[in-house]
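Residue numbers (our numbering), protein chains in the order written: chain P, 1 to 586; chain S, 1001 to 1082.
Please keep in mind that the hints were generated in silico from the structure rather than gathered at the bench. Some clues are possibly wrong.
Interface residues of chain S toward chain P, partial, derived using beta-carbon atoms under 8 Å [to be verified]: (1) Leu1005; (2) Met1013; (3) Val1029; (4) Val1031; (5) Asp1032; (6) Leu1043; (7) Glu1046; (8) Ala1053; (9) Gly1056; (10) Cys1074; (11) Lys1075; (12) Asp1077; (13) Tyr1080; (14) Tyr1081.
Derived coverage of chain P by chain S (criterion: at least 3 residues anywhere in the stretch with Cβ under 8 Å from a Cβ of chain S; other residues may be distant) [claimed, not checked]: (15) 250-256; (16) 326-339; (17) 516-526; (18) 558-572.
Predicted model only: the values in this text are computed from it and were never measured. Ideal Cβ placement from N, Cα and C applies to all residues, glycine included.
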Amino acid sequence: MSSGVPPVLIFLLGALLVPYLTGRAKAGLLLVVPVVAFVNLLLLPEGTSWTYTFLGHQLIFAQVDKLSLCFGYIFCLAAFAGMLYGLQERDDRQYITMLVYVGSSIGAVFAGDYLTLFLFWELMTFAAAVLIWAGNTEAAGKAGMHYLLVHVFGGFCLLAGIVIQTSQTGSTTFGYLGLDGIGSVLIFLAFIINAAVPPLHAWLTDSYPESTITGTVFLTAYTTKTAVYVLARAFPGEDILIYLGAFMTVYPIFYAVIENDARRVLAYSMVNQVGFMVTGIGIGTALALNGAISHAFNDILFKSLLMMTVGAVMYVTGKRYCTDLGGLYKTMPITTVLCIVGAASISAFPLFSGFVSKSMVIAAAAEGGYSVVWFMLLFASAGVFHHAGIKIPYFVFFAHDAGIRAKEPPLNMLLAMGFLAFLCVLIGTAPGLLYSLLPFPVDYHPYTAAHVVGQLQLLFFSGLAFIYLIVNGHYPPEKVGLNLDTDWLYRKAATLYVWLSDKPVVATENALARAYRSVGIRQNIRFAQLCLTFDIHVIDRAVNGVANIFASLSKTLRVLQTGQLQHYAMVIVLGAFVLLSGYLFF
Amino acid sequence: MKLSLRWIENPGMLTRMWQGFVGVLVVLVAVDVMFVTHEHTFLIFETIPGFSAVYGFVACTALVVIAKILRKICKRDLKYYE
Chain P
1 MSSGVPPVLI
11 FLLGALLVPY
21 LTGRAKAGLL
31 LVVPVVAFVN
41 LLLLPEGTSW
51 TYTFLGHQLI
61 FAQVDKLSLC
71 FGYIFCLAAF
81 AGMLYGLQER
91 DDRQYITMLV
101 YVGSSIGAVF
111 AGDYLTLFLF
121 WELMTFAAAV
131 LIWAGNTEAA
141 GKAGMHYLLV
151 HVFGGFCLLA
161 GIVIQTSQTG
171 STTFGYLGLD
181 GIGSVLIFLA
191 FIINAAVPPL
201 HAWLTDSYPE
211 STITGTVFLT
221 AYTTKTAVYV
231 LARAFPGEDI
241 LIYLGAFMTV
251 YPIFYAVIEN
261 DARRVLAYSM
271 VNQVGFMVTG
281 IGIGTALALN
291 GAISHAFNDI
301 LFKSLLMMTV
311 GAVMYVTGKR
321 YCTDLGGLYK
331 TMPITTVLCI
341 VGAASISAFP
351 LFSGFVSKSM
361 VIAAAAEGGY
371 SVVWFMLLFA
381 SAGVFHHAGI
391 KIPYFVFFAH
401 DAGIRAKEPP
411 LNMLLAMGFL
421 AFLCVLIGTA
431 PGLLYSLLPF
441 PVDYHPYTAA
451 HVVGQLQLLF
461 FSGLAFIYLI
471 VNGHYPPEKV
481 GLNLDTDWLY
491 RKAATLYVWL
501 SDKPVVATEN
511 ALARAYRSVG
521 IRQNIRFAQL
531 CLTFDIHVID
541 RAVNGVANIF
551 ASLSKTLRVL
561 QTGQLQHYAM
571 VIVLGAFVLL
581 SGYLFF
Chain S
1001 MKLSLRWIEN
1011 PGMLTRMWQG
1021 FVGVLVVLVA
1031 VDVMFVTHEH
1041 TFLIFETIPG
1051 FSAVYGFVAC
1061 TALVVIAKIL
1071 RKICKRDLKY
1081 YE
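The whole structure should be built from the sequences, with the hints applied where relevant.
Okay, here's the thing in structure tokens:
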């Protein structure tokens, strides 16, 4: 028997215990669960364990190799930081949901077969929806429902794909799949919905910013990265992913530039960052896959950090729109510095974490000769610096002074952000730590003169462009409002559908009914009257005539029927006389 | 020790920061042109000194120009979906 326990079990047990503890014991539990889960991962033996047979299928609860472990480690780290950050939420519903959400993501990552994967995939969807609903506003209610509808559709695709795939191959083992046949296409579709590949990305930017402050931090880390994991396992080297990924890096940055909600800006930048990972998986070489996976690892750290700093600002000011913020560096210097560390990491500044992973994907694109993709990735790199690296710190903490004199957030929030910022710098300065976790041996050196100078040029001259545009008033000012995206299709087009069925369809039906009443029924009545006349004048008269004939005939005959015996006897005798004389004389 | 970022409000600080920034820009391009050897490259663009500088500037300007057009098309009132 192997050592350790199935990774998902620790989180689910933790979730069960939450309601029974209070105060410090509860806080302790929330922090200990991810730590225990992390230690448990170190004990897991490589290969498959906790295999059960269910209805003739094998369920594998732990498929342990470097790929799944890498995601397992970062999921535990992010859970620890997230729980520390969320200690002031004091909301059992959220704590339980978060633990179930993290647990199901880890369950999906270690799932060795399709059925187990599907089970945790769906659990993750429902946990995430509940976490969005925890936002407790009307907008959160709607956003959670949108989220659920999109992901339940994705879940059906996954289930249908699994059924077709396993019935064709006879195996439920989850491993390399490749795009081959309708089953794999459906599974692929389910995966890219969760990875938020445009145009299937709007569920993310629509729903994540509506959750609670801590809820959004958790949502940032798991659903999309689990999708990156399953894509890396099942579809590495699939060409279409290169182009989907490259498109994914570029598309959201335009929206991020004009978006006013700080958390939604970061949601768009999530789509952009996952784009780098999807591209790397599509290229599929050892360098590219290492880049994709290490970037997923780093993205969880710096995106959680950025989401936390913006959340902290929201916590102390109650504001989330860039138009309402600004000048906070005066009273929140620590949060400001932590945000800048996150911004430098996501922008891939040398010495920060993003640099050592994103550059691998870009280098892999160059190595593979994908020049157009390479240009798109560089464009997106400049763009992410622009919106997440400059815009977020600038409009939230600097820019115009909004007159808010908010204090720093509580200590637990600062510690959580500090922990992530420390990891960002640690990985940026000592990338070997991260590289040793990757599935393939790493023969890549990020800190060459050409890389460092090239990246710094890209960033500083992007910064120059930003300054130039701001100073000359060409930069689009932050504005209150929302921007249409593909969620319009199910938020507005659905209204259009209701209008369509309400107006033209129902109106046509009413018109037809009226037309029938005025034309159809009148003709019917006229025809019925005709029939009636025919019935009265022809059929009834004929019947009556026949009856009259019979009545008069019987009246005539009745004369013969006197009822007196002597008359009948006389008729009999006369008759006998007539018959007899006829017989005798003729 | 208490962390404060109020030093950026010092008189003349913005000018000095701007000068420092321009200095960095110049140094980056100069170092690239004079010292950096572009080995292990796969695309021709990787070998042009200062390519990233020009591309970064152009990309960001283009990004903003396109984003402004996008805003004209896509921006709606906050209550649009209600």
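So, going through the hints one by one against the coordinates:
Proximity of Leu1005 of chain S to chain P holds as hinted, the smallest CB-CB distance being about 5 Å (cut-off 8 Å). Interface restraint check: Met1013 of chain S against chain P, minimum CB-CB distance 13 Å, threshold 8 Å, status violated. With 8 Å as the threshold, the beta carbon of Val1029 of chain S comes within range of chain P, its nearest partner Cβ sitting at about 7 Å, so the hint holds. At about 6 Å, the closest approach between the beta carbon of Val1031 of chain S and any beta carbon in chain P falls short of 8 Å, and the interface hint on this residue holds.
Among the interface hints, the one on Asp1032 of chain S holds; its C-beta lies about 5 Å from the nearest C-beta in chain P, closer than the 8 Å criterion. Given hint, Leu1043 of chain S at the interface with chain P, holds; its Cβ is 5 Å from that chain's nearest Cβ, closer than 8 Å. Because the beta carbon of Glu1046 of chain S sits about 6 Å from the nearest beta carbon in chain P, less than 8 Å, this interface hint is met. Interface hint at Ala1053 of chain S: satisfied, since its Cβ lies 4 Å from the closest Cβ of chain P, which is below the 8 Å cut-off.
Because the smallest distance between the Cβ of Gly1056 of chain S and any Cβ of chain P comes to about 4 Å, under 8 Å, the interface hint for this residue holds. Interface restraint check for Cys1074 of chain S: the shortest CB-CB distance to chain P comes to about 4 Å, inside 8 Å, so the restraint holds. A least Cβ separation of about 5 Å between Lys1075 of chain S and chain P falls short of the 8 Å threshold, and the interface hint therefore holds. Given hint, Asp1077 of chain S at the interface with chain P, holds; its Cβ is 6 Å from that chain's nearest Cβ, closer than 8 Å.
Given hint, Tyr1080 of chain S at the interface with chain P, holds; its Cβ is 6 Å from that chain's nearest Cβ, closer than 8 Å. For Tyr1081 of chain S, the interface hint holds, since its Cβ comes within 8 Å of a Cβ in chain P; the closest pair sits about 5 Å apart. With a threshold of 8 Å between beta carbons, the proposed coverage of the region 250-256 of chain P by chain S holds, since 3 of its residues qualify and at least three are required. Look at the region 326-339 of chain P against chain S: 6 of its residues bring a Cβ nearer than 8 Å to a Cβ of that chain, three or more, so the hint holds.
Coverage of the region 516-526 of chain P by chain S is violated. Counting CB-CB distances below 8 Å, 0 residues qualify, and the rule asks for three or more. With 0 residues bearing a CB less than 8 Å from a CB of chain S, the region 558-572 of chain P misses the requirement of three and the coverage assertion fails.
The structure shown violates the earlier hints numbered 2, 17 and 18.
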